[in-house]
Structures are given as C-alpha cells and as structure tokens.
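If you're matching them up, the sequences are chains A and B in order. The first sequence begins at 2 in our numbering and counts up one residue at a time. The second sequence begins at 28 in our numbering and counts up one residue at a time.
By construction, these hints were calculated from the structure, which means they are not laboratory data. Some hints could be false.
Said to hold, decoys possible - Here are some chain B residues pointing at chain A (derived, C-beta under 8 Å): (1) A54; (2) A57; (3) R484; (4) G493; (5) R498.
Note that this is a predicted model, so its numbers are computed, not measured. Every residue gets a Cβ at the ideal spot worked out from N, C-alpha and C, and that includes glycine.
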Amino acid sequence: MGLTLTDVSVRFGDVVAVDDVSLEIPTGEVFALLGASGSGKSTLLRAIAGLEPCSGDIAFDGESVVGTPVHKRGFALMFQDGQLFPHLDVAGNVGYALRVQGRRDDARVADLLDLVGLGGFGRRRVTELSGGEQQRVALARSLAADPRLLLLDEPLSALDRELRERLALDVRRILTEAGTTAILVTHDHAEAEVIADRVGRLDRGRLVSVSATPDRGVEPA
Amino acid sequence: MPQLIRRFRASRPGDPSHVPRIAGSGATHALAWTLGIAVPVVFVGVFFAWPVASIVGRGLFPEGAFDLAGVLEVLGRPRTQRIIGFTIGMAALATLITLVLGMPVAAALSRLRFRGRTVLRAVVLVPFVLPTVVVGIAFRALLRETPLDGTFVAILMALVFFNIAVVARTVGASWESLDPRQEEAARVLGAGPVRVFATITLRRLGPSIAAAASVVFLFCSTAFGTVLVLGGARYATIETEIWLLTTQFLDLRAASVLSIAQLVVIVALLVVTGRIRAKATPEKRSFAPRPPRRHDLPLIAVAVAVGALLVVPLVALVERSLRTRDGYGFGNYLALASTGDRHALAVTAWQALGNSLGFAAAATGVAMLVGLTAAVLLSRTPRSPGARRALDALDGVLMLPLGVSAVTVGFGFLITLNTPPLDLRTSPILVPIAQALVAVPLVVRTLLPVLRSVGSRMRDAAATLGAPPWRVLLTIDLGMSARAALAATGLAFTVALGEFGATTFLSRPDAATLPVIIYRLMGLPGGDNAGMAVAASVVLAAVTVAVVALVERTRVNQVGAF
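This is chain A alone, in the form it adopts within the complex (with noise of 0.2 Å):
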C-alpha cells in the first residue's frame, strides 16, 4: 500500500507553501521531489513526518496518521545537514533510535556502518567527520530505526560535486538493499535521476508532474 497523501496543503499564515497535494507511493519505492528552493518540497517532507500541522490526508498503508505524534509515526526524517548529535559518537548517533526503543544492539550498529562504508568508525567523534561522512552516519541513523518510510530532505546538498556524485550511487544502493520506501527531496535533477524510481516536480508547492525515471541499466553518473 505505501503511503497516501490526499489534499495536502500547508499554510504560514497566507503563504500556502504547499498546495492540495495528492500522490501514493507504493511500498518498496524511491521517490523524488524535484524543485527549485521555495518550491514547498522540503516543507511537505516536514509535514509527512508530522513537523509542520497541515490540511488534508496523509495515511500509511491505509492507516491515517495526521493525529499520530511525530515520534510515532515510523517515519525517519534525515536532514540536509546530518543534525548528528555532537554529545554522542558515530556509534551513540547511529544506534540512538534503538536505545529508543529498548533495544541496545551493537552489532546492528556495526552492521549498518559496514553498510554506508563507515566500518569501524564507532567510536570517532562526529564533529571530526568529514561532511561526506557526517552525511554518511546520519543515513544510517535515520535507517537503524527501521522506519517504514524514510524522508530524505537534500541529504547530499551540502557536499561538492564529486562526492555528491559517488554518494548519490551509495545512497541508491543502500536504499534498494534495505528495501526501504523512502521521499528524496532535492534540487539536483541528475541526483534524482540516479536515486529515485519516479520524480515529480514541485513547482510552488503545486505537484505538477509525475513521471518514472529512465531504465536505469546504464548509470548517468
């Protein structure tokens, strides 16, 4: 089933930021929303993890979720500047949403650092990461929790070019490799390409289009 957005809007006092937007993502996809800054996507991205108060439906495999509280939502929100936690070390970061739920698990933490290529980095101090690195942790943060969906908002933004381009292929990787259902935001129609399996373009805070991205058995990277 997926997730199901049904008249979506979000307003800041007259500023609709995002307008009556309907859309289904089935489980199992990648999805990218492409558009220009001020274009409402980030903000609809805040809204399905329960950040921003909007109008209209946002359900989970049929299930409604509008009065579901933002931590109970199963929705991993990873951030376009990591948003590590500077108190804690990779591995505090990364296992932080197990401590949540009752469960410490150190070799699910190990698991998911060899996954995004940070193996035996756990015990580093993440202000001593690189921005390619932090980025790094922060995805396997956001997928140590397994979220049932997981909100990408411009995770790969802050990064120069060529990293962005060799992480976008990771990131592609990783996701298709934990099966997760997962909204890419980002600016870059290249790194959508590369990421997603369909990208619709949002053009303030309208969707406007939805199209599938082309076969990816040659890689544009």
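Given the coordinates of chain A, work out where chain B should sit on it, guided by the hints.
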C-alpha cells in the same frame, strides 16, 4: 559571553523550514508546559516578588493609601540625594576603570597563545567568585595603615578587582569569534594598527563591550558586602543605606523609596542590556589563538601586570592571616575552632563553615531545579507571539533578583513568610531559598546559551527517530548541556557559599554561615577577633577557589561570562 548575548532566533519568513517550533501537541503537552512554567514562576513569585512587593508596599502605603508626600520627603533629603549620586558616580567610575584594565586581558587571552595563559585565565576568574565579604577583608588587609584605608578609593579598587573577570570573559569570548582576516584585510588596504583597532576591532566588539559594561555597572551599583566592610559609616551606597535604614532606624518608608529607586535603575539597565543582546549577531565560530609576535609583547606585559595586581590583595590577605600578636604563626587558624575572643560567637568558625556548606548544597539543589526548568523553557521558541512575549517577560523577571537589594529580599522574607501556611520565619530553610534566588539568574545565564544552541531541528531529528518529547528533553537537551549543568552547579554553589546580604538577615546566631561570622568578628573589638576573621576569609576563599577549579575543568567558557 557572546553566547549569553546571542539570542539565536532563526526567523527567516520566506523559509518556513527554519522557523523553530515546539514539536508535539495535545493535552499532555500543555500540562508539561504548565508545570514547567509553574516551577520558576511560583518560586520567584513566592520568594521574591511577594516579599519585595510587600516591603515596598509597607513603605509607600503606610496607612493603606499612597503616601506621595512621604516619598518626596525621602527623595528631598540631602543624604538620599548624596547617596544616589555617590552610588551611580562610583559605579560609573568603577565600570570605566574595569573596562580599561579588562580589555588588554581580554585581548591577550582571546588572541594570543603564550606561556602562563592558563594561569592568567584562572587568576582573572578567581576574584569574581570570591565572596564579597572576603574581597572587602582582603582590601582592608592590603590598605591597612595606608592613607587609602577607609577611603572611597579602597571601595573603587575592590569593585574593579571583582569585575575584571566580567570584561575579560565577556569581551574575550566575542573577540575569539572575530575573524582575524578582517583586520588583515584592513591592514592590506593601508590602515595602521591603531586605525584597524578603532575602525574594525572595536566596532565589532561594540555590543559585547556594552553588555559587559552594563553588567559591571549592575554589580558595582548593587555591591553590598564589599562596600559595607570597606566603607563603614562614611561611604554609603543605596544598598548599604537600605540595610542601615531597615536594621538600625527601622525607617521602612525611606528604605522602600531607595529600593524602588534602585529597581528603576536596574530595570532600565536590564532593558538596555536586552536591546544590546538582541543586536549582537550570533557567531558561533571561534578562532584559535596564535603565537605572539614581537609587537604583541606590550599587550602581554599589560595583561600580565593586571593579573599580578589581582594577586596582590590575596597575598595581603594570607599575610595578614598569619600575623598574630606574637609574630607570624598559625594562631588565627587555631582560633577558628573557638567561638572567638570573649566568646563573641554562638558557633565556632569551623561549625559556621559546616553550616555554610550545608546551606549552599541545599541552595544549589533548589537553584538547579528552578534554573534548569526555566532555561529549558526559555530555550524554546513557541509559535504563538503571545507565548513568545510571555517567555521574554519570564526571562526578564528571572534576572531581577540580580538587581534587587538582597537586603530588601532578606527583610521581605521576615515580614511576609511569617503567617501560616508559610510560617518559615524560624525555619532554617529561608537561608538556602534566599541564596538560591541569587544563584538562579547565573544558572539560567550559564545554561541558556547551550540549550539554545541545541536547535529545534536537532530535536526534530530525535523525534523522527522515535523519541517521545520527554526522551528528547533527557537525551538531547540535557545530554548536550551536561557539562554546562555541571559548571552551573559549581557556580551556584560558590554564589550560595558567599551570599551575605540576605543571609545576614535570615541566619540565626546558632546556625550562622561563615560570611556572616566573618563580618561579625570584623566589627568586634579585640585584635584576635579581627585576625580570626581574616583566617576565616582565607578558608572561605580556599573552598571557593577549589570549587571553581573543578568547574574550570569542565571547560565551559561562558561561566562567569555575563
């Protein structure tokens, strides 16, 4: 203390993703907020606003009606006018001298990496945390038998001694965040060193200098213990005059008028400080100090000289404590186990130290509970403008105990908290409560910058990882501010340990604290009592410095920065 001045409020209207908010909603959420607000509001309301309001009310509304003629009569007294003028004039002069001496220290500590930098840092901080009575005694020991003893110069010197740390730390922290390349750019454009300093450095430091100056002025104009010890009967400030009028002449009306005059000045000052804080741009970066070059040597020399001057009164204090009637020895320290010459006290000095430590521990507990709750609340930016204004008001109210006469608070306790259900007059609990009241603003100022730096998006991240609000508070907000909380605890403890103004009213002779008996011994005849007071001062200073040394190890920069 730019961290303190910085009020990070990301509000970019065009970019809704940057509007900080409070996640969650619903009835439990509202309940949590209400309880959170209730803790600081009830504490400050019952133990500050009510006592102060009622003592002021008694003075101004003697027969239930406002006594305007009485107020004017008090304000018209030549003595009142002289005291208000003296307080403001001396505080202004002390602030100016503190700035002049503090700036080189701030510059050297924030920009240069030299031998003895750590020692200088510590030396500058120590006077700020010393109990005010101890500072007074140290300067009496220093100036004894010099023409300066008992003059206003002695008071001025003691106030400067106490406050250099505020300038060094506040301006220093801001200096660290200035990009040195800006100055280099100006140099390359042909500006000489003086011009660079005046047109670039000084301008960019402006807000933090102004903030430091206003805080120093606040501390100088409300100093009590130091002025009482050094000024005696000759030099009265508003604060000591309130004490004199209340305890010696029972002239509540005049005391109330002076309390209000003081309150007006302080509130005006806090409003100005708030404006400056809002203006200061948030800069979190800090640039590492560089090794000094030849042209930096005069600056280092001046900074070290200021540091050396700060040590002199402490050396004099220790020297005086070792001087007994029969030459140098430990006689004064041995006397600490006694109740003084001719049994001047009800307890021994060591018992008083025990009382002080006990009261200070209790006060620290209360101050941390109230301060932590308040700081967590103040670090949030609610969406509703009304709620934001309410938080701003709470912020201001929590600063007030810094500026309101401790004597007024102490005496207010005695006249308000004497009826059931709050009949606490005979209860020793009033002492730690009054001490906590003085410590709360410092706790809030230490924790707030760290809590504000957490950022709502980091809390959002934790929430999307499945953490309920209480868990976000515990693992993110408090997790990140653990070291600052430790530092605030130490600071609250030293403040409580040295509190004198309110404690002197509230502590009973059989449960006296060390600062209170130091002052008592000083005022009593008999050379041995004075020697014992000095020895007790050394002990109190040593305990305070030990606590601060522990705090310094947490390396939280904003301690003592205001």
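Status of each hint after checking the structure:
1. Restraint check, B/A54 versus chain A: the minimum CB separation of about 12 Å is more than 8 Å; hint violated.
2. For the restraint placing B/A57 at the interface with chain A, the shortest Cβ-Cβ distance is roughly 14 Å, beyond the 8 Å limit, so the hint is violated.
3. A hinted interface residue such as B/R484 counts as satisfied when its beta carbon comes closer than 8 Å to some beta carbon of chain A; here the least separation is about 5 Å, so the hint holds.
4. For B/G493, the interface hint holds, the least distance from its beta-carbon to any beta-carbon of chain A being 5 Å, beneath 8 Å.
5. The restraint placing B/R498 at the interface with chain A holds, with a minimum CB-CB distance near 6 Å, inside the 8 Å limit.
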